[in-house]
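Asker: Join these two chains into a complex; the hints should help.
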Amino acid sequence: MARDRVGLLFMFGLPILLVVIVTSIQNSTFELMNKNTVPLLLCNRDTGAASHQFIAAVEQVGLFNILTASGTDSSIRARVQQKDALLALVIPANFSARVEARARMVAGKAMNSFGLEDSTNKGAPGDTTTMPIALYYHPILQASFRRSAEGALYSALQVVESKHILKTLYFSLNEKELPDSVESELLNNKTTIEEYPVSRDRTRTIPNASQHNVPAWTVFAMFFVVISLSSGIVREKVNGSFIRLKTLPTSYLVAIVSKQLTYLTVTLVQAAIIFAIGVWLFPVIGLPTLHFPTDWAALAVVTFLCGWCAVSYAICIGVFSQTEEQATGFGAISIVILAAIGGLMVPSFAMPGSFRLAASISPLHWGLEAYYGLFLEGGGFSTIWSNILPLVLIIAGLQGLSFWGLKRKNLI
Amino acid sequence: MSQSGETGDQGGPLSPPALRIERLSFGYPGQPALFDHFNLEIPAGSRFGLFGPNGAGKTTLMHLMTGLLKASGGSIRLFGEVLNQHDRRPFAHFGFVPQDFSFYQDLTPAENLAFFGAWYGLRPFTIRKRTTELLDILGLSVVRNKKVAQFSGGMKRRVNLAIGVMHRPRLLFLDEPTVGVDVQTRHAIIDYLKQLNANGTTLVYTSHQLVEAEKLCEHVALIDQGRIVAIDALDNLLAAHRTDGLEGLFLQLTGKAYRDIDV
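Those protein sequence lines, which keep their order, are chains A and B. Residues 1 to 412 in this note's numbering are what the first sequence lists, from first letter to last. Residues 413 to 675 in this note's numbering are what the second sequence lists, from first letter to last.
Isolated chain B (complex conformation) (with noise of 0.2 Å):
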């Protein structure tokens, strides 16, 4: 429901929003319902931060939204297509970087991005360029034909990373992209996802690292119990609630009590 009005890199003002969701209800099994007619919008080419504490449902929503789980009710659209297990086309349109390792450490960088450009359908050219793209970028040219299971954590990030981007999503979704890496490992992935969003990529971020994603995020939605408790861009937020940053906003509108010892 980000209702800003403003139109991404590769949208005009009739083109569909990169992300649409309506109505959408999901609860766990035995488990009250965690969204209940939620709605959401992310215009494209945006850089869009989503936050909230621990158990306020944000990687379930990120799992909805990549397919991962499946909603009980409601519609998500990408690009105007709706996402469903049956027609994995709209799935095309999206890259994701989840917060666990998911590659193979037994291969290397340029196995790995062998590997997943054939599921993402890119030609063998293609794949060839990009992993030489991606690898020179990312600083692991280096380091290409070395398994990835002895990689640092940060260097295991970038693989991470480049594989979401390996055919260059319209839409990329970020899990925590730079939990447990260095400063400049930090810092390097920040001002790449800057410059995929200027090309015309629209992000969709999720992490704790506040003054991160300050850094990354033009608009932010903070969710808690499955409803979204604030939405806009940053600036107008953190004015309308007179904080000088998002961790202010963020207790001020969350509380401070802890949130994850339900267990």
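If we strip away everything but chain A, and leave its shape as in the complex, we get (with noise of 0.2 Å):
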């Protein structure tokens, strides 16, 4: 196996690249939606106070950095088009008139259903249709992150409009201005909302990159070694060794039991190498650490499982394979499709109902949701055993394929 400098590549190097890379950019992708902001071209036509007073409260959102610009809705659209920020805010002119007289027919309706006369606002209100505020994004930005974006926006859209609503009616009341005190008071005693992820063992440790990649990418590595293992066992019956093997007093069953523990051996070293990585190395470049289950058992497990599973896989498809280039193309075009519906690439809950359906025939499935379970979930072997059983009927149907098309090909 020393000398199969390209299959050790594969079973090794790539897939530590792949979670190095996959993790860093899942990890940014986080940060953007958690920690970083969001350029957004802001363009104010408008002089009154409620406009300054909801760019205030677009500020406090905290989602966006602001970039001011002014122009025309052409030139603001062009901005968009080079980049320059992926979402531009265009407020009309007259918004802070609008907002106002809205506020004051709001207040005045109000006054007629206590029962009470306005004599504040005894005058027309104004204009009271609304303008929309324009919001411009570029189609690159994903359509979540918009709509985040827009639930932000109506959010201070909202604080300004009530805060110019509750000081009108104020004043229609009492005949003098709401008092900051009371305003600041009325306006932010919000309920607040906590957040709890939930966990099996009901810690409050939050999912990050490193705990969705580094299960993953495990997974998928271990299935590399189908290119390795697979096209060993082709080459063996291409190239004549087959033969002698089937001559030698040892059973070729025992040469396939044997194969099949050293490449185990080696799904297990890859996972081992993997897990060091996101506990060691990932803090240093920057990356969050991988924390471990509480259920060492289970980890075992499931890492046997999946490393069985992919030994199984790729000794079924050696059996099959009449060429070097059937045992590479196929494995590892079918590793991919079996990642793609299993939930590695695009999360399942996430697919089409069924593209569910056809997970449930891919390993890389039950090992992954087996590996959420005790990463995410927080999880042991008692809640992971529905993972874990279809894993085991996948691998003895791999097998006794392999048995089958041995003695179909009398190989054993």
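For the record, the hints were derived by calculation from the structure and aren't laboratory data. Backbone N, C-alpha and C fix where the C-beta goes; we use that ideal spot for every residue, glycine too. Treat each hint with caution, since some may be false.
Among the chain B residues that face chain A by a calculated CB cut under 7 Å, a handful are [unchecked claim]:
1. 510
2. 513
3. 620
4. 622
Answerer: Shown next, in the form of structure tokens:
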């Protein structure tokens, strides 16, 4: 095996590279969503107080890095197209006047409904029709993030409009300005939302890119043994060493079992290396540290079964392939497909219904779900058995199929 | 069915023959039976040549004798033990040198011998000793740590032979062991095979190199279409058919028509 440098590269080099790169990329996305701000071009054509209050409220959201802009709509669009910012907000010229007019209208209606006469607000409220604030966005911005931005802007707008309605209503009732202390108390006394990650071990550890990626790419890496092992079996079959192996006093079945044990050890070493990278290398290169699950026995069982399943799959491909090209080509492509439908690239819950059904035939899916049960949900052996069982059944199926193939081809 | 009555170096009057085939039947799927109640006996200690035109069934017979193919009827006994897939002990009695290079090209000769030696059940000490011994005899000591892939055809043939005799088999099957090699290598291989036979190893040899076969084989069987058309000591056969060489005997008994046109 030491001579198979390409195989070693596939089994160790590429998966390690993959786990580091994908975790780094996904970590940036996590940070973009959680910590970093998104540039927002803000063009304010209004000179009133409401627009300034709105801008202050948008700043307070903390989601945006506001870049002041001016010019026509087309020039704003051009800047978004050039990716000066992925979002641009244009506040229309009479924004404040309309906010105030609407506040007066709402306050007037409220006074009427209270049976009171509004002595301070006798004239017409002004133009109370709403004029939309324009939000331009670059198409590359994900819909989920765009909706988050819209929600944040609506929230800021709500604050401004509520403040104006409150102030107008207070003035109508008391014929004096709303004191700042009362305004602050009324507007800021909001119910808070506290987040609770639902973990089986009741810990509050927030899942990060490492907890997601290390188990996923460990499973993927293990299945890369397919390339080395299956092509090795085919090579033995086509180059004649198989003939000699079949005439030895030891059954070829023993050779196959020995291969399985050797490659199973390889997969366990792969997992150990990738986990070690998550624990020791990731913090050094600025990525979140991988935290091990508390149930070590379950972790060992899942790792063992994932490795054995990968080896069983490789043996099966090796037995049925006629050429090395078939084995490596089919092996590599099928792993990517099984990984894709197994939820390694897109989470299973986000897939269409038919694909979720297809996921159940992917051993990578069950391996990943079992790992997630341990790494993300803080579960143990008792909570992941429903993922382990299909994995065991798939292993049994692959081993049976390989045995049948070897018998049928008179190889054992 | 070598009925010559000669006993090999290892065999006494009551010892079993090296190989006994009785009522062997075999046919490839969808084709008429190639062997039907075929019988053959090869005495222990002999140098036995198995010859025939292409398609005669000699490679199939070699594969049946080495367990690579499974007969549909009859039995094959090696030194009295029935050859079957369920009990692999009789497989330890023989070595096989196939026509194709049957080893790992990415490994060195020493590594190949260590690998197959382990599969023959040899101890590490024995493997090391036999490896050194065989590489010396076959002139491969200087390249013992080089990858076999870099070797010439003749060197590869010698590696192929070394693996087949690694465990000192009592019976050695040789399928075209000298094909594609130069004169020097052919002589070296034939001399070594004679030396093995002198030490008690029964040789079962098949080849199209009939001049070479004359030098090596004491007994021959000519088979055609799954049947033995002649079997005896080579000298007896040549005398009986009044020919002065194996090639003449071969053509006399099997004809001059092409045999490999049915593909």
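Asker: Next, verify each hint and record whether it holds.
Answerer: Hint check results:
| no. | hint | result |
| --- | --- | --- |
| 1 | 510 | holds (5 Å) |
| 2 | 513 | holds (6 Å) |
| 3 | 620 | violated (19 Å) |
| 4 | 622 | violated (25 Å) |
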